[in-house]
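One-letter residues, chain by chain:
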Amino acid sequence: MKLLTHNMMKSHCKGVINGFPLKLTHSQIETKEIEFNPDFINRIISRLEWSALVEVANQLGVGEGLPEMLPESQQIDDEDTLKAIHHALLEVDVIEGELECPETAKATSWDRQVSDMRLNED
Amino acid sequence: MDISQSMLEIAVERETDGDLLLADIGEGVPFRAGTFDGVISISVLQWLCNADKANHNPFKRLKRFFTLLYSSMRSGGRAVFQVYPESPKQMELITEQATRCGFTGGVVVDYPNSTKAKKVFLCLFAGTPVNNLVMPQGLGSENENTVQYSNERFTGKKRKRRGEVSRKEWIQNKKQKMRSLGKDVTADSKYTGRKRKPKF
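From first to last, the protein sequence lines stand for chains A and B.
Counted the way our numbering counts, the first sequence spans residues 1 to 122.
Counted the way our numbering counts, the second sequence spans residues 1001 to 1200.
Quick caveat, the hints were computed from the structure, so don't treat them as lab data.
Since this is a predicted model, take the numbers as computed values, not measurements.
Among the hints, a few may not be true.
[Stated by the list, open to error] One-sided excerpt, in silico: chain B residues whose CB lies under 10 angstroms from chain A:
hint, residue
1, Asp1019
2, Leu1021
3, Glu1027
4, Pro1030
5, Phe1031
6, Arg1032
7, Phe1036
8, Arg1064
Note that the Cβ used here is the ideal one computed from N, Cα and C, for glycine as well.
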């Protein structure tokens, strides 16, 4: 799972008030090379929850180069920063791990590309 | 997202881009508010109408799905679902639940007269789209909004004789008919129905 996806996901358990962000535990990561597209990065950063991204990137040790806060205009011109964001969002792949809902602590696990998000309410 | 592990495994085999989620959409979708501008779904919604387990209630599942989907979409976002409804009633059920959750839009049908080529799409808008609500036009339905009606009594006296319609007209009518059935028809050109020399 890419960190870009993690940034968009939140818990859909019933009764949860704020299910974002999902806590990532027991994770193993891999990095791949993905083509860098600065336009895409500039546009996607306005859709992200920046603090959550920084937090999880630092937790995984891939957060270097990420600014603490986004500038007002939400546009970044510095190519190195853009490359660091590109790396954290798209090139890091969490291949194994668990996601925990911050309120109900329901854990979902995954393997490779597929994350098991079933609630299994019985 | 898919409920079937095997289908997801095939997706992995085919090296699909992006991340895959094994999930039951009847439980909702696990995304943050205002995330998506576009949603595509193919041959999925009709399954929400089935109750595969004892505790499944299709109404509730559809409602849960559309509620969470609506909130995960940005205002102005669009969702298109290609569905294979069992009956018009099922289509109504789905559309009703979607409207209850705040979606606008409706059903678009491609080639409504053909059993083979007919495709049903549910096109939904979350909030008001930026460049006005324009519903896509279904294919193969240009002549379907009118019905020919006349008050004349049919006496059988005005029987059409064969050959009344010119050859070229007949060919063009036939091509139009085939087009509305969704078949591949070559484009009309100056050679279509052209009069041949007598030696033909």
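Structure-based check of each hint:
1. The interface hint given for Asp1019 of chain B is met, as the beta carbon of that residue sits about 4 angstroms from the closest beta carbon of chain A, less than 10 angstroms.
2. Contact between Leu1021 of chain B and chain A, as hinted, is supported at the beta carbon level, the nearest pair being about 5 angstroms apart and thus within 10 angstroms.
3. Checking Glu1027 of chain B against chain A: minimum C-beta separation of about 5 angstroms stays under 10 angstroms; hint holds.
4. Interface restraint check for Pro1030 of chain B: the shortest CB-CB distance to chain A comes to about 4 angstroms, inside 10 angstroms, so the restraint holds.
5. Taken as an interface hint, Phe1031 of chain B checks out: its beta carbon lies about 5 angstroms from the nearest beta carbon of chain A, inside 10 angstroms.
6. Hint status for Arg1032 of chain B relative to chain A: holds, with the closest Cβ pair at about 5 angstroms, below 10 angstroms.
7. The beta carbon of Phe1036 of chain B comes within 8 angstroms of a beta carbon in chain A, closer than 10 angstroms, and the hint placing it at the interface holds.
8. Contact between Arg1064 of chain B and chain A, as hinted, is supported at the beta carbon level, the nearest pair being about 9 angstroms apart and thus within 10 angstroms.
When each numbered hint is compared with the structure, no violation occurs for any of them.
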